[in-house]
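Asks: So the sequence lines, in the order shown, correspond to chains A and B. For the first sequence, counting from 1, position 25 maps to 25 in my numbering; every step adds exactly one. For the second sequence, counting from 1, position 196 maps to 1196 in my numbering; every step adds exactly one.
If you are wondering where the hints come from, they were derived from the structure by calculation, not from laboratory data. Please note that the accuracy of each hint is not assured.
Claimed, not checked - Just a few of them, taken from the derived set where beta-carbon distance is under 10 angstroms, the chain A residues facing chain B: (1) F151; (2) G155; (3) A159; (4) P177; (5) G180; (6) G181; (7) A182; (8) L183; (9) L184; (10) M185; (11) L187; (12) A193; (13) G196; (14) A200.
Stated by the list, open to error - Just the calculated beta-carbon pair ranges, DEER-fashion: (15) A:G123 to B:Q1124: 41 to 51 angstroms; (16) A:G178 to B:A1256: 42 to 52 angstroms; (17) B:T1297 to A:L85: 37 to 47 angstroms; (18) A:L187 to B:L1079: 24 to 34 angstroms.
Idealized CB from N, CA, C, for every residue including glycine.
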Amino acid sequence: MSENSKIFKDGLWEQNVVFAQMLALCPTMAVTTSGTNGLGMGLATTAVLVVSNMLVSLIRQTVSSQVRIPVFVVLIATLVTIVDLAMNAWVHELYKVLGLFIALIVVNCAILGRAEAFAVKNGILASAVDGIAMGLGFTGALTLIGLIREFLGAGTLFAQASQLLGPAFAFLEVQVPGYGGALLMILPPGAFAVLGFLLAGKRLLERRLAERAAARPSPATA
Amino acid sequence: MTPLAITTPPVASPHAHGGNSVGRTMFRVQLALLPATLYGFWLYGWPSFFLWLLCILSCVGSEALALKLTGSPRIRATLLDGSAALTGWLLAMTLPPWAPWWVAVLGGCIAIVIGKQVFGGVGQNVFNPAMVARVALLVSFPLPLTLWVLPLPMATLPAPDFVAGLRIFLGSLPVPDAITGATLLGHAKTELARGLDLGQALAAAPATSWLGLRPGSFGESAALLILCGGLYLLLTRVITWQAPLGVLAGVAIPAAIGHALDPGRFLGAEAQLLSGALLLGAFFIATDYVTSPNTATGQLIFGLGIGFLTWVIRSFGGYPEGMAFAVLLMNALTPVIDRFVKPRILGRDRRGKPLDQPEKA
Chain A
1 MSENSKIFKD
11 GLWEQNVVFA
21 QMLALCPTMA
31 VTTSGTNGLG
41 MGLATTAVLV
51 VSNMLVSLIR
61 QTVSSQVRIP
71 VFVVLIATLV
81 TIVDLAMNAW
91 VHELYKVLGL
101 FIALIVVNCA
111 ILGRAEAFAV
121 KNGILASAVD
131 GIAMGLGFTG
141 ALTLIGLIRE
151 FLGAGTLFAQ
161 ASQLLGPAFA
171 FLEVQVPGYG
181 GALLMILPPG
191 AFAVLGFLLA
201 GKRLLERRLA
211 ERAAARPSPA
221 TA
Chain B
1001 MTPLAITTPP
1011 VASPHAHGGN
1021 SVGRTMFRVQ
1031 LALLPATLYG
1041 FWLYGWPSFF
1051 LWLLCILSCV
1061 GSEALALKLT
1071 GSPRIRATLL
1081 DGSAALTGWL
1091 LAMTLPPWAP
1101 WWVAVLGGCI
1111 AIVIGKQVFG
1121 GVGQNVFNPA
1131 MVARVALLVS
1141 FPLPLTLWVL
1151 PLPMATLPAP
1161 DFVAGLRIFL
1171 GSLPVPDAIT
1181 GATLLGHAKT
1191 ELARGLDLGQ
1201 ALAAAPATSW
1211 LGLRPGSFGE
1221 SAALLILCGG
1231 LYLLLTRVIT
1241 WQAPLGVLAG
1251 VAIPAAIGHA
1261 LDPGRFLGAE
1271 AQLLSGALLL
1281 GAFFIATDYV
1291 TSPNTATGQL
1301 IFGLGIGFLT
1311 WVIRSFGGYP
1321 EGMAFAVLLM
1331 NALTPVIDRF
1341 VKPRILGRDR
1351 RGKPLDQPEK
1361 A
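Chain A with its partners taken away, still in its complex shape (with noise of 0.2 angstroms):
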């Protein structure tokens, strides 16, 4: 396997930022309670995320380890701010919605985190692939869960997708005719029960492709 779609898989799947490392779990409970909000969430934690592990990895070599953190932070502030302000320039509905979790990005622990753990060890090619595979996954992770809080809560699916993406992709947005929601979905308890069973889905998947693998020898490791 190469090493950049060992870094892709461990991104989407292995580490992925909310299923396997819990990470990030405050703005994955707060924002997705529709597909259109945790897409716009993940993507801004993605652009954040890629700049920053480059710049981290950029300036590894000449940050000693005792101030690397407070370095960081401020980067990682700066970049924020950016996407904030672009965010409120060019996205400004779904920003209003969004609102104090865009600027909550900088204490993001999935941010620091890939910085510590990956962007500081490696060079700057494999931390920007690192940064876009880290952000697909916790874009992913949040977008499905607020698909299905949407679709549980309100009846819809990518509701106001057009303001976000732009009005080709206004054929997104499918209204389930005849359901009104249940309201709980939204509220916290259901961002908590969706995480709660796709945590334990994604487990049992996990151990049935171990006992397939596991009862066919597979040629290669023979």
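We have chain A already, so just place chain B on it with the hints.
Replies: Same frame as chain A, now just chain B:
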């Protein structure tokens, strides 16, 4: 699966099995619920019977499914002990009598899967499963969960027959507005929100009734029959008196004080005690073994907490009735109560000193 090897036969101590079991306890609680339930059928007719039946079926079905998914070796025994059926029964008692079928199905699933099996099944759950489902349904679907029909003896329309009852239950026949009404608590809350004084408001309010002739949930209104059931449970020592007394006192004392201070703002103690799910909750919900504290003192504190919180939510909260919320809050506090109020260790006094050793002078 290999059975555990027991090397010595377990007959050493002079212990006799009292014959008690989960199944017998559940059966006694169901027996105690029976009078109020049958009376509820008489009050609300066929739709309430279908609701009761489907709640129980949904709970038992969810339990079977969850046990199968978790690979339990005791599916049949667990289903037959009646705990899931009792959860469904209690859930039905707290639902509006003409709630549609999907409320029953969804409620049973939530109660068993999220309220009970996620934590590990019988004896492992933190929260009372029936109350978890009740609150989840109330928060999610406020409209069908607050549609109170008048008891049929009070209604001007004839009772629906079997087919009409089934159609109401399945949602193909709307519930006529003429036979719906407000509960006393709901009425009081609405009128207070309009700025009216309770003195004026209660003139048009539904009266309190010991016989259950008031709008309310399916099994909560017949005060006398619930008291009889509770008394039976006390006499057969299925429950102890601490938790029920705590709940009743926890509501009655602040209600009496509040009513004495400002009758225009607070309902009196009798109205509070005979309203909502209070009596049902005091005898059948607060006495749940799993989710209440272990010690007698702890259960008293637990009951007082439920009662007081119920009164606070009813008097100041957004919802007219707060019993289910209060139970869940105190369920969450149960481990804390158990940490501070511990049973005395055998052979030691309350401070943990050995009983047979005199204190050093």
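Asks: The structure should be examined with respect to each hint, and the outcome stated for every one.
Replies: A quick look at each hint next to the structure:
no.	hint	result
1	F151	violated (14 angstroms)
2	G155	violated (12 angstroms)
3	A159	violated (18 angstroms)
4	P177	violated (16 angstroms)
5	G180	holds (8 angstroms)
6	G181	holds (8 angstroms)
7	A182	holds (4 angstroms)
8	L183	holds (5 angstroms)
9	L184	holds (4 angstroms)
10	M185	holds (7 angstroms)
11	L187	holds (7 angstroms)
12	A193	holds (6 angstroms)
13	G196	holds (7 angstroms)
14	A200	holds (9 angstroms)
15	A:G123 to B:Q1124: 41 to 51 angstroms	holds (50 angstroms)
16	A:G178 to B:A1256: 42 to 52 angstroms	holds (48 angstroms)
17	B:T1297 to A:L85: 37 to 47 angstroms	violated (59 angstroms)
18	A:L187 to B:L1079: 24 to 34 angstroms	holds (32 angstroms)
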